[in-house]
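Start from the sequences and build out the full structure, keeping to the hints where you can.
Top line first, the protein sequences correspond to chains F and B. Residues 1 to 264 in our numbering are what the first sequence lists, from first letter to last. Residues 1 to 143 in our numbering are what the second sequence lists, from first letter to last.
Since the hints were made in silico from the structure, they are not lab data. Be aware that one or more of the hints could be misleading.
To be verified - Chain F side only, calculated, beta carbon under 7 angstroms to chain B, not exhaustive:
1. L71
2. I106
3. P110
4. V130
5. L181
6. L185
7. N199
A virtual CB, placed ideally from N, CA and C, is assigned to each residue, including glycine.
Single-letter residue listing:
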Amino acid sequence: MTKSLSKNNSLFYQVGFVLFIGSLAVYPYLFLFNIFFPSTLSIGKNTFIFIITAIILLCFLLRWKGILSKLGVGTIYFIMFLALMIIIIRHWLYGEGIDKIFLYHIVLTPLLYCGVAYYYLREKEKKEIVKKVIFCSCLIQAIIGLLHFYVFPYIHLGLSPDGLLKIVRGVGTMREVGTLLAANLYADFILLGMFILINSYKKWRLPQLAVHILMFILIWGVAISASRWPFIVAALLLMLYFKKLLLSKKIISVLLIVLLLGSF
Amino acid sequence: MAQKVATGEVTVRIAKYQLALSSLLESLPSFLVGPFFGRADTGIDVTSFSDNSYLLLMITFGVPFICLFLFLFSYIIRKTISINRNYFILLYFLITLFINNSILWDVWLFYFFATLYSLQPEPSPNLYRKSILNQAVSLKAEN
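The following block contains the structure:
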């Protein structure tokens, strides 16, 4: 009995992990799906985003007892109870209908994502797989952004009233949004790839030149979004990466010459 | 407020913050459970308010709940990761929440937590603490 239970638990864990990886891999492109195949639920949500959220919720439900015990059952139940009380009080005070209930997901989603990530990322091998998936997603996003910004900037991706791909010619370049349809989101998304790369390039045994190129692509991707805060963080990460190199006199000299030439 | 923004007296972001704060502080129920959504006079609408996730949360749930929520959430984070090793990424997360409505960016939140937990060293801080405790207990038993 115990053996079959643990086997089932292990199976659920593996299924949950596969769903978790699958969600990570496809999530950034779901905004595009809605442009090519417009589908919106009656609650005003993108159907594809709703499906992926449901899949992440399934990852949680497959191992809910384990996840809750890891995060602290009392804490989670206390937050849920208070949120429910607020919803009831607001209903009583302002007469809010059931249609407003979806607005309250903003306290649930961070807990859900935090719990699922913490639970499924306990083993070293799984962490390595996830790091690679995240890094590849961020790199692809940066490449898509750069291609769009320089090669076909006349195609503007956006949710027009008819929900179709909008092609506008002669408008010129705008802040890059990648496939995420928001400049700040796009920049902050790529930044996560930089965090992973700086942490893992030694473990992955990438050649120095390859790391330089990857870092350059990511920071360039952030730069074309024209988002100030992600760009500052990207510059700090770059400084962190070059920390050892910056100490050498040769690099300082090259940087000074570049700055001097740039000032003309 | 719109006039102040138009004349450049205040930036749009500051104007939004002022609007959200004045809406929160206008009455006791607003402070405790948040103001009524989509008010025509203030223009505060939880579905479109941007530039600060903390204010967005306060508008949605009121100030006391959000203070408690943030406290409990930080407790969970402290329990599950090593703060010192992840100081930079956590600081980045908190500031990003402050200057954007990033609490609504589901894809980013999902990726952020996956990144955060994939960067944790082996073993996790809790297990490490437990193993130290176990060692201490076994040493005491030996003595």
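Double-check L71 of chain F for me: the hint is only fine if its C-beta lies closer than 7 angstroms to a C-beta in chain B. holds (5 angstroms)
Hint validation: P110 of chain F versus chain B, beta carbon distance must be below 7 angstroms. Holds or violated? Interface hint status for P110 of chain F: holds (6 angstroms vs cutoff 7 angstroms).
Per-residue hint verdict: N199 of chain F, partner chain B, C-beta under 7 angstroms: Since the shortest Cβ distance to chain B is 5 angstroms, the answer is holds.
Is the shortest C-beta separation between L185 of chain F and chain B less than 7 angstroms? This interface hint holds because 5 angstroms falls under the 7 angstroms limit.
Given hint V130 of chain F near chain B, where the shortest CB pair must fall under 7 angstroms: Holds, because the Cβ-Cβ distance from V130 of chain F to chain B comes to roughly 4 angstroms (cut-off 7 angstroms).
Could you check if I106 of chain F really has its C-beta closer than 7 angstroms to a C-beta on chain B? OK, holds: I106 of chain F within 7 angstroms of chain B, min 5 angstroms.
Is the hint on L181 of chain F kept, meaning its closest Cβ partner in chain B is under 7 angstroms away? violated (10 angstroms)
Hint 5 alone, counting from the list given before, is not met by this structure.
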